[in-house]
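Chemist: Protein chains in written order, with the working numbering: chain U, 988 to 1173; chain H, 576 to 867; chain G, 4 to 156; chain W, 22 to 679.
Rather than coming from a laboratory, the hints here were simulated on the basis of the structure.
Keep in mind it's a predicted model, so treat the numbers as computed, not measured.
You may find that some hints are simply not true.
[What the hints assert, rightly or not] Which chain W residues face chain G? A few, computed with CB under 10 Å, are given here:
(1) Asp-128
(2) Val-142
(3) Leu-153
(4) Ser-262
(5) Cys-264
(6) Gly-266
(7) Phe-666
(8) Thr-677
Backbone N, C-alpha and C fix where the C-beta goes; we use that ideal spot for every residue, glycine too.
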Amino acid sequence: MSKSAASKLAEHVRRATGVDVAECYQCGKCTAGCPMARWMDVVPSQIMRLVQIGDDEAAARLLSSAAIWVCAGCLTCTQRCPKKLDPAAVIDALRELSYQQGKVPASQRKVLAFHKAFLKVVEKAGRMSEIPLTALYKMTSGDLVSDVTLAPRMLVRGKLPLVPKVVRNRRQMKRIFAACRKGDRL
Amino acid sequence: MTPLGYYPGCSDHGSGRELGMSVHALARLAGVELKEIEDWNCCGATAAHNLSHDLAVALPYRVLALAEAQGLAEILTPCAACFSRLKGTVVRLARSADLAARMRQVTGLEYRGPLRIINVVEFVNRLLAGGLKDKLAAPLAGLKVATYYGCLLSRGENIIEGDDAENPASMTPAVKAAGAQVVPWNFATECCGGGFSMSFTDAVVDLSEQILADARAAGADCIVTGCPMCHSNLDMRQLTINSRGRGPYDVPVLYLTELVGLAAGLGPKELGLDCHFVDAMRLLSRAEPRPA
Amino acid sequence: MAQTETKTAEAAAAFQPRIVAFVCNWCTYAGADLAGTSRLRYPPNVRIIKLPCTGRIDPLFILKAFEGGADAVLVSGCHPGDCHYTSGNYHARRRWALFRRLLDLTGIDERRLFFSWVSAAEGQKFADLVADITEKVRAAGPLEPANPARRRL
Amino acid sequence: MARIGVFICHCGENIARTVDCAAVAAAAAKMPGVVHSADYKYMCSDPGQQMIRQAIAEKKLTGAVVGACSPRMHEPTFRRAAAEAGLNPYLLEMANLREHCSWVHEDRAAATAKAIDLVRVMVEKVKRNRSLYPIRVPIEPTALVVGGGIAGIQAALDIAGGGKKVILVERGPSIGGHMARLSETFPTLDCSQCILTPRMVEAASHPNITLMTYSEVEAVEGFVGNFQVTIRRKAKYVDWSKCTGCGDCWAKCPARKIPSEFDARLGARTAIYRPFPQAVPNKPVIDREHCIMLTKGKCGACAKACQRGAVNFKDQDELVKVKVGAVVLATGFDLWDHSAYGEYGAGKFADVIDGFQFERLASASGPTGGEIRRPSDGQVPRTVVFIQCCGSRDEKVGKAYCSKICCMYTAKHGMLYKHKVHDGRAIVFYMDIRAAGKGYEEFIRRAVEADGVEYVRGRVSRIYRRTDGKLIVRGADTLAGRAVTVEADMVVLADAVVPRSGGEKLAQLFGVGYDTDGFYSEAHPKLRPVETAAAGVFLAGACQSPKDIPDSVAQASAAAAKVLGLFARPELEREPVVARVNENTCVHCRACIQACPYGAVEDHEIRDRKGHLVRTVARVNEGLCQGCGTCVAICRSGCIDLEGFTDEQVFSEIATLE
Ligand SMILES: Cc1cc2nc3c(=O)[nH]c(=O)nc-3n(C[C@H](O)[C@H](O)[C@H](O)COP(=O)(O)OP(=O)(O)OC[C@H]3O[C@@H](n4cnc5c(N)ncnc54)[C@H](O)[C@@H]3O)c2cc1C
Ligand SMILES: Cc1cc2nc3c(=O)[nH]c(=O)nc-3n(C[C@H](O)[C@H](O)[C@H](O)COP(=O)(O)OP(=O)(O)OC[C@H]3O[C@@H](n4cnc5c(N)ncnc54)[C@H](O)[C@@H]3O)c2cc1C
Ligand code: SF4
Ligand code: SF4
Ligand code: SF4
Ligand code: SF4
Ligand code: SF4
Ligand code: SF4
Ligand code: SF4
Ligand code: SF4
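Construct the entire structure; sequences and hints are all you get.
Modeler: See the structure below:
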């Protein structure tokens, strides 16, 4: 059991990550070092605090926050936490929950579209390659204009392979994706 | 010599191809056989862990299981992002029997483990210790290098054994062996924005610019890295940074393997040096032949 | 221990090991006190016998404890160098090497004899130690005298 | 026939919550030899003790067992009660039903069963107890104080003021400790030197105090009342009986660039030096590691300069033995070395300094004459960042504790800086403000409200130095919920307070415990805060836990009171737990003589009436024996036993556990 017994969210996080957020004493060192903090609507130490509280209001705020999608997973917070906690893992768990519950905020459309496009390509081909990824991402994110000038330059440098490599045992890949899918979401 | 397992990772054929090229070139030179894992799949970096914890483990699990079945005990994965996923998975599986059982079920594959996963820095250091050092001609004397570790070679399970997370130095011996010098700077471990290149370009531009600015202020002629993601953010995104009116920056970004390859006298094309966005070939003109 | 391996899991769970702990007054007894004042939890299977110093522990005490039905014996005193009596625990340690061999002769598995150092400040260590020993001994099962003559020791 | 009484205490709810005390008492009543058994809510209270006294008298008890808290808590209380009722106090034993049972178990049935076992063990033991009588030993009424900081000075002065002799041993060349290095002191901002130096002088000139500076404790023998302590007087290479402290020598010394410990490496000193102008004694020593003469064999400039011929390169360390009856340890603290913090620059940035360095910058006697100038280039910093809890409250570096003094001195530093650089910015990053002393909260508010020190609540994640020399501090403002970056000219880290180096070795010499952080352990955190587990050894100051000056002084005076209390009696009563040799069976193998850590076992010649030697046996000197029992366990022929822990007693205890 998580030591903050009242918080269902804390218990979920503990089960998913092994982190007991009750141990966080809100020093703020995670926020202080976070490279993405300035783009976050809820900074990492506040994320920890809201998980401690874990009531409906806190959960709603967390799961629909941009912050959990903005986190780059750089582990700076985890590296320096004086309580040896792992805020990055906590954020991972919240992100998965947010996705499963369909709470991803509109502002994070592009980020989500990218992750989904990436996994779609991997599901279909077993490997990621730039052209299908970019094509799928652009279709789903609506972000059609950015980086159009980069593609030709990548091409001439041999960085856009035209014939993507694929995994032979496609059945196995399908099985893995099917097994990891929760509901209709992955 | 027993062959070293090799996991190329998806960027090997695409955006990070010069890393793969230079790794292979060095391995050839050192007489190390790299045996690619057959039918390997994408490890899921950097998307899978955002949406599904299970998938983030299952994808690398398949790779590990294949490698083990193919009789490999050690796997080199030059991409730092893949390294992080594979090594993280090895560690997590060793820690939790539950997870291992679930993965067996999810994938239908058997992995007993633990395999040893090594990254590009460990690979280079190993080659150097194995005799490659004597083959270096040090044509890079005077070159000032900012060694960039980023997140994936300095933190968490990714940290190289014996290194210091805050002030890492595991690349230093290789840079020195290549005759170049390491400049002290502040952004060796700061995040470049990682996988947000496409989906959150603003952040990558900002963060990468800080890194470039600090390297330049420190007097570095180039940045050396071991991660294709960092490389693409720092190299390719320099164009974006410049196009947004910041800069202009013109800092070559090399893979450690390219740097050591140059010192070993390998051809720049063989190392993929011509594939960079920011001209790296000009570093060669600075290269001074070592006095006989 | 062949006979313990055949034990069923329930039997192992039902089995309450008896552990006798010989501890010194200054370090481990105080450490156990600290475990109490810190309200730490550990299994109730240990019975402490207080002595001034581990140097006072006669190997016969241990044999007697096993003979009396202890499933395990713990000997714990001050850390090396911290002995309240400057060197009593050092003398004790020198005797243990010999004693382990003696124990072997009696047919008692030497893994049932535990040595540790617990200082007055190490309440947590004491609690962990007792929990650990209890678990190990529970897994190993009750001490069945291999040689019934041992009872007459 | 044994007539044993058993008394089970509920300790309010503390025992009764998990142990069925009535059931324990009932079970005890059935134990062989028990003639009386009772339970009560608070055994140690007056009515509880009365119950014991009454039962002893009415039931003619020959022994008693109190099942209550740890004997380390109340054994003296109950033994006193027994004695008052006419029972020899050593015929009473305690079963530890609280610390070893109710507090550590949850299962009521199991805890009750264990409690019954614990009582049974003691009943069987007490049946075999003998009446014992305390041993009386004379006391040497001289105290040893180790460490000459404010705590040691205060303890020495109070003991000396009480009319007893004191030997004050200080490792450095001068007394004064860290307080001598401070600029002004919270919460009143008195000048540290002004309040300290008069006491230093008083200590040096007090007729009852013998000052031994540049000295360290080397070895300790004996026990409370009679310690023999060997002190190493390190070679000073200056004959202080001739030296006048004129200073001609250090003016001439060519080894001038040695970083000054006193000035926290911000200033330099010579090889022949006194640490600071107000040093006591105000005479120099030669630092043998840096003196050119002592390392390379040439120079001698100081000797030439000295008109009194006081310099003596042939000086040697000297071992001095003293006899003392009590000891006060006052070895103080140090600051944690923040070079372990890679994210704060690993100690490599000259302008990231520690608290002592700031004190020296702010001190009128410091290397900058009291002007705040940063070490790298001597500029006056326009923005200074102060970071609290550096190393403290950080499990990553293994220090979970709060260093207690740094909130206060950081506020002081911010204030002093603002007093000196009016238009500068002082920014403090803090997690909590711990200002619970008298006038302390008011002091903090003054720093904020009157002096404009800016407080930001959050820890700092990283400091790095930009090429233009600015220190970039990345912190958080958790109250505003954002990351903040400050461009600073200087950063002051409030490093954790840690015990002095070598403290553990000293503790081992005296048999004093220390905690995992290395701070000396008191005998009881609330009720015996200046005593240690080693009888006759007391604690004062920051060696026990981080302390400010008022706390250090208060504890020093308390330690002095304990020493004076001990010395008020001519003799000491000691626990009669001693070994005894059965002279009839001893074969004089001398194993015990060699094993005894106190040299308490001696050869004893048995002579007949005519004085002819019959044989030689071992005999224990009660005055020296401390009752460890090593000799007992070592005697192959079983002819030594230990009072209070006889073989018979221990075997009977073991036997009950069947
Ligand atoms: C930056 C800073 C600012 C401070 N400002 C204030 C303030 O404004 N107000 C306030 O009340 N407090 C302040 N303090 C706290 C104050 O310094 C301490 O409370 C005080 O110095 C503790 O005194 P002490 O005698 O216990 O220890 P110390 O001052 O450390 O003295 C110990 C002495 O023992 C000696 N010694 C150590 N080991 C041995 C040994 N083995 N043998 C012989 N001698 C030994 C040492 O050489 C030293 O002389 C400050 C502390 C710091 C770090
Ligand atoms: C809610 C609460 C919880 C606490 N919990 C803890 C805790 O867990 N741990 C801890 O360490 N501390 C605790 N404390 C603090 C602790 O109570 C005090 O530190 C302690 O009681 C102080 O003791 P004292 O002797 O100074 O004062 P008091 O306990 O107040 O004793 C003063 C005595 O003097 C008598 N007296 C007063 N005036 C006169 C007079 N003119 N003439 C004669 N007699 C007089 C009073 O009747 C009284 O008996 C707690 C305090 C509170 C309020
Ligand atoms: S650094 Fe750790 S303890 Fe501090 S606020 Fe973040 S998670 Fe909590
Ligand atoms: S892992 Fe995420 S939250 Fe933690 S420092 Fe990096 S970006 Fe910030
Ligand atoms: S010159 Fe001589 S008398 Fe003067 S301080 Fe030096 S040693 Fe002492
Ligand atoms: S002999 Fe040593 S102390 Fe004296 S002046 Fe020379 S260097 Fe200085
Ligand atoms: S006293 Fe203040 S600054 Fe020092 S450790 Fe405690 S809380 Fe932190
Ligand atoms: S007043 Fe009391 S409760 Fe409030 S901060 Fe001070 S000590 Fe803590
Ligand atoms: S060890 Fe025993 S027999 Fe030997 S001298 Fe000592 S008391 Fe006598
Ligand atoms: S019990 Fe024995 S060994 Fe211990 S001090 Fe006394 S005489 Fe010495």
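Chemist: Next step is simple, just say for each hint if it's right about the structure.
Modeler: Hints, verified against the model:
1. Asp-128: This interface hint holds because 7 Å falls under the 10 Å limit.
2. Val-142: holds, 7 Å
3. Leu-153: violated, 14 Å
4. Ser-262: violated, 36 Å
5. Cys-264: Hint on Cys-264(W): violated, closest Cβ of chain G at ~39 Å, above 10 Å.
6. Gly-266: violated, 41 Å
7. Phe-666: holds, 6 Å
8. Thr-677: Status holds, d = 9 Å.
Going down the numbered hints, you'll see the structure goes against 3, 4, 5 and 6, while the others check out.
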